[in-house]
Structure formats: C-alpha cells, structure tokens
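As they're listed, the protein sequences go chains A and B.
UniProt numbering applies: residue 1 is where the first sequence begins, and numbers increase by one.
UniProt numbering applies: residue 1 is where the second sequence begins, and numbers increase by one.
FYI, nobody ran anything at the bench for these hints, they're computed from the structure.
One or more of the hints may lead you astray.
Stated by the list, open to error - Under the rule of at most 35 angstroms between Cα atoms (straight-line distance), these lysine-lysine pairs were calculated in the DSBU-like manner:
1) A:K109 / B:K228
2) B:K2 / A:K108
3) A:K132 / B:K2
4) A:K200 / B:K192
5) B:K402 / A:K204
6) A:K132 / B:K402
7) B:K402 / A:K16
8) A:K132 / B:K312
9) A:K6 / B:K312
10) A:K109 / B:K2
11) B:K233 / A:K9
12) A:K109 / B:K312
13) A:K169 / B:K312
14) B:K233 / B:K192
15) B:K402 / A:K108
16) A:K9 / B:K312
17) A:K186 / B:K312
18) B:K312 / A:K16
19) B:K402 / A:K6
20) A:K108 / B:K312
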Amino acid sequence: MHKDFKLGKEDIHILKGIDLDIEQGEMVALLGPSGSGKSTFLNVLGGLVPPTSGDIMIRDYRISDMTENELCLFRREHLGFIFQSYNLISTMTAMENVALALTFAGVKKEIRQQRAQEALEVVGLVDRMGHKPSELSGGQQQRVSIARALVNHPEIILADEPTGNLDSKTSADIMEMITRLNREEKQTFVIVTHDPDTTKYCTKVIHMCDGLIEAEVNQ
Amino acid sequence: MKFRTILTIIGVVIGTASIIVMVSIGNGAQKSITDELSGIGSVTTLQVYQDLSSMGMTAMGGGKTDDKAILNDDAIKDLKKIDGVVAVTPVVNLSGGEIEVDREQYGVSLMGVDYAVLEDMRYVTTSGKKPGANDENSVILGKDVLTSFTYTGASTQLEASEVKPEDLIGQNITMTIKRTNANGEEEIKTQKLKVTGVLEATGGNEDYSIIADYHLVTDLNEWQTGRKANVKKQGYSQALVTVEDSSVVNDVTSEVEAMKFTVFSMQQILDSMGSVFQMLQILLGGIGGVALLVACIGIVNTMTMSIYERTKEIGIMKVIGASISDIRNMFIAESTMIGLIGGLVGIVISLVLSVLINLIAGLFIGGEGGVTISYITPGLVVFALFFSALVGLLSGVRPAIKAANLSSLDAIRSE
Ligand SMILES: Nc1ncnc2c1ncn2[C@@H]1O[C@H](COP(=O)(O)OP(=O)(O)OP(=O)(O)O)[C@@H](O)[C@H]1O
Ligand SMILES: [Mg+2]
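Looking at chain A on its own, in the form it has when it is part of the complex (with noise of 0.2 angstroms):
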C-alpha cells in the first residue's frame, strides 16, 4: 500500500510500499521514528484517508473502495478510536461523550446511557460520568475516550499515541486495561506508540522508517 500527499505542486511519498497482516485479537505495537508514517498508516487503516494505491481489507470489506459515507457506517459498527490527544466534545460530560458514538448508529436512549455506563465502569469512571472533559485529568480524559472507542464493541480499536501524554505510572495503568479488554473481549488493537515500554503488552511489534515496515516481531 502506498500513501502520497500532495504538497504545493510535488507528490511526497510518506507510505512507500507497506505490506502487513494484522490477525484477529492481535495487538500491535507500531513504532518508529518521528515522521516515519505511522500516524499516517493508522489513518489509513481506518479509512480516515484513502490511500493513494493499493488496497486495505478489513475481513472482508474492501475500505479502499468505500465512499464516504460506507466508511462512516463502517467505522461506526467495526473500528474504534483513540488519540493522543483524547478529541473529547468539551461541552458533554463523560457519559455524553461515550453515548454520542450510539447515537449515530440509532440506540435508544436509555439503552445509550446504559451501554455508556457499561462503557464507563469498565475504564473504571463511573463516579465522573457526570463530569466534563476540563473537570478530568489527563489519564481519566484518556479513559473516557477508551470508554468511548468500546461501547460500540468494535471488532477493531486503532490508537494513536494513547499514552503520548500520560506519565509513565497512569500509562502502565491505560496500557493493563487495553491488554485486558484485548485478552476479553478478543478485539484487535492497533496501538502507534513512542514508548519501548509500551510493547511489553504486545503480540507483536512492527518497525516503521521512512515510510516502510524495517521489522516485523512477534512476541
């Protein structure tokens, strides 16, 4: 798969040619130099932009193809998010934001604030439901966000940098969680990370330069 941007008038290649399988219930830590595309790779995957050739399957559907508004649908049934940088709406409470992905797909309300809560109690933030993204730490605005990627039991969860901003201690605490709901919940993690630490958790380890995967391990 190859990935260009356009810059001014110059196409740049950022993915020159990757080439991976993720199975089922793995999790994958992504790492890799600044600026080496992983970010990019993950956007990709998630059909946040399209590639500029060759194809992502995900089972059986063919994201490369979709529309629009078939990845929108796609995403709302199979793929959840987490960012660094948490992209919580500052103006809902916790639960709000983790019931916000069901309302898109049509839940009913009660069965919203129910799931949301669900959501919530598995991150382990209940007691803040009520409260609002600037009323939370760092690692609970995390959570919340965690909570927010879950409560659509997606098949798979891509993250960028989840713990980017977390001290080290509240990163081991996101990290154990994730590795749980993996171990659970047989999601496949797709998880973009600086951190060496951060891969003991893993099923496997990819190496990203300059665009291309340099290793591949398995642990």
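Dock chain B with the ligands against chain A, hints included.
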C-alpha cells in the same frame, strides 16, 4: 444558548413580526372596509341599469333595438321571474325639491320605488315604519336628509341640523318644486308628504334621499319636465333587484346580464376590492419580508461561525461514526430551530403589537366598539410560523452541507 444565537433569533423575531404586522394592517384595512360595506345589508340588492350601449342606439334613433334591453314594466316582470329574486322595483328620481323644516330650507331629492314591494326590500327603518302599499303620499326619510353642506371659508363641512329626521315622524312636510314655463316664468308646485319612518344607513343614495312611491315621483317629474314619461319605450333609468341572500347574487347577476342590462352590486365591488387588497398585502408583506431576508443572512452567518468553531467537534463525530447526513441534519435542525423559535416569539410580539396598534388608533380615530387597523388571521399566524421555520431551514442548508463535507481528519486536527 450563545449570545450570538440569541441575536440571530432576535433578527428572525423582527423579520417575522414585521411581516405579520404589515400583512395584518392590509388585512385590517380590508376587514374594516368590507365589514362596513357588507354590514349595511345592501349586498343582497342589485342595481340594474339599461345597458349603456343600447341606450346610445336608441338615442341615435338608428338600428333595431332589442326590446329586452329596455328597462320597462315588462322587463321588471321578467326580472322578478329569475330564481332567487325576492322583489324588483323601478327607481324614479326627482331632484331639485325643497323642504322647510323649522324655518330652514333643505334641498332634497326623491327616490321613488314601488310601494307594493317595499315590504320585501331590504330597507330597514331605525324608527317609525315603512308606508303601506297604498300610502301614496307617505315617505321614509334617509338618515342624512337634514344634513346640509355649509361653506365655512375654504372648507366644506357637513352640518347636521338641530332637528333630527326622527322628530318628523308622523308629521306632514311640504315639499316645493319649481319649473320654468314656456314664457320663461317660474312656477311653483307644493306637495304634502307624510313621514312614516327613518331609514337605516345604507351607504348609498338613499341616505340623502326621501324614499317615496314611484307613481308620485313620476307625476312630479312629469310636471317638472312638462313631458309625459314613455316608460314602455324608454324604460326606467334604474331598477333595484332584491335577492334572497348573498349566495345567489352572482347567479342572478349573470342572468340579468344575459338580459342585456348593466348590473351593479356590492358583491362586485367587494370582489374587485379583494384583489386590490391582495396586492396591498403582498406589497406590505414584501416590506416585512426584507426584514426576514436580513434575518436569513444572520442565520447563515451564525451557522457558518458555529461550524467554524465546532470544526473539531464535527471531525470527532465523523470519526466515531456520524454519517454525512447525520452532521448535515444536525446543523439544519439547529438553524430550523432558530427560525422556529424566532417565528414563535415574533408571532407573540406581533399579536401584542396588533392589539396596541388598534388601541392607539382607537384613541385617535375614536368610534364605538374599537378600531381594526391591524387584523391577524389564524392563517397568517400559521403561515408566519411555517415561513420562519422554512427560512431557518433554507438558511442552514449551505452551511450544513459544508460542515458535513469537512474531511474528518483535517477537522479533528484543527484547533
Ligand atoms: N496531510 C498531510 N499533508 C502533507 N504531509 C503530511 C500530511 N500528514 C502527514 N504528512 C507528512 O507525512 C509524514 C509522516 O507523518 P506522520 O504523522 O504519519 O508521522 P508519525 O510517524 O506519526 O510521526 P510522529 O511520531 O511525530 O507522530 C510527515 O513527514 C508529515 O509531514
Ligand atoms: Mg503520529
């Protein structure tokens, strides 16, 4: 709610209220005039005239005249036969009479109608009663008969006499008419008239006339002109046709027209005035519409700003599974709400304004039972609500589509 949104809603409020108030003033003008016209009961009376073109032909003496077109006694009988007609009377007028009441002279004209059908006509007496079929010398006074024009400097004023027409009921009044004979000498004839009643206002000639029997008026006319009237050949100048109710007016009108007479009814005036008022309403509504157009620009601006501010939020929603239509509908719903809330508040405000306008107008114009300058119909309220919501919706469409088509990744990265 954001201050900006409140300001935008106020814009819609002003727009909606100005449309409603403007149109309500058009409505009010129409209502007060049509009420005035139809309230006087003459809607069910048709005025029939000899067709002007056929009269011209007789005058020129040439060509064959269709005898149907002459408004003579045969024609009166034919008019009577039309379905829905209650009474038909010829009208014979006499002008130049004078009466003296309380040592004051009043110029009067007589309007002669057929006393045999007077009972069936829509003339209502406010006091006294109508003369019977054989009371040839009895008359009814129009309510303004004793009102004379006085010239005070530059302006003309209507001045009511101290004596009211009602005071004359049961009395005999003497009317004098003049003529100049063949030798150029002035001759005077007097005629005693017994007043039996006073006519309710009709808004027509009757108000300034004395209603009398047409036989009497014809006789006086013949004396005044010195010629025998040839009704059979020349017809009456006018006839009044009284119909059952307003629903048959149009049918009777077309039947009379088919007889080659010219018909004139209040209904026709009301109909043609309807279209004038419709124009007036469109014009006034258009003026109000300008305010709503400005409000519309306000909504577009607010929505665009709001989308600009919430770009990141839109990006997040798209990443967690909102579809293009979800985002689009969300913003359209928001702008429709702005329109709807603005419309509702605008309606409430214009209802209050309407009452105030009528109150204040009442203080200046006076008149019993209040004044209707502004009249808000339920239809106008429904239309205004629907229209303001529509304006909100349409204003939101473009910004909403713009929002929905934002690239989720770019949006989520924006700050
Ligand atoms: N939208 C874009 N337009 C142009 N160039 C882009 C765009 N997005 C990313 N790039 C470029 O692609 C390259 C890879 O970026 P990417 O964000 O994938 O790196 P990364 O591996 O995630 O780095 P980091 O570890 O710092 O997050 C960078 O050189 C970046 O400048
Ligand atoms: Mg990155």
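Now for the hints, and whether the structure bears them out:
| no. | hint | verdict |
| --- | --- | --- |
| 1 | A:K109 / B:K228 | violated (96 angstroms) |
| 2 | B:K2 / A:K108 | holds (28 angstroms) |
| 3 | A:K132 / B:K2 | holds (18 angstroms) |
| 4 | A:K200 / B:K192 | violated (129 angstroms) |
| 5 | B:K402 / A:K204 | violated (41 angstroms) |
| 6 | A:K132 / B:K402 | holds (28 angstroms) |
| 7 | B:K402 / A:K16 | holds (33 angstroms) |
| 8 | A:K132 / B:K312 | holds (17 angstroms) |
| 9 | A:K6 / B:K312 | holds (23 angstroms) |
| 10 | A:K109 / B:K2 | holds (26 angstroms) |
| 11 | B:K233 / A:K9 | violated (100 angstroms) |
| 12 | A:K109 / B:K312 | holds (25 angstroms) |
| 13 | A:K169 / B:K312 | holds (29 angstroms) |
| 14 | B:K233 / B:K192 | holds (31 angstroms) |
| 15 | B:K402 / A:K108 | holds (28 angstroms) |
| 16 | A:K9 / B:K312 | holds (28 angstroms) |
| 17 | A:K186 / B:K312 | holds (31 angstroms) |
| 18 | B:K312 / A:K16 | holds (30 angstroms) |
| 19 | B:K402 / A:K6 | holds (23 angstroms) |
| 20 | A:K108 / B:K312 | holds (26 angstroms) |
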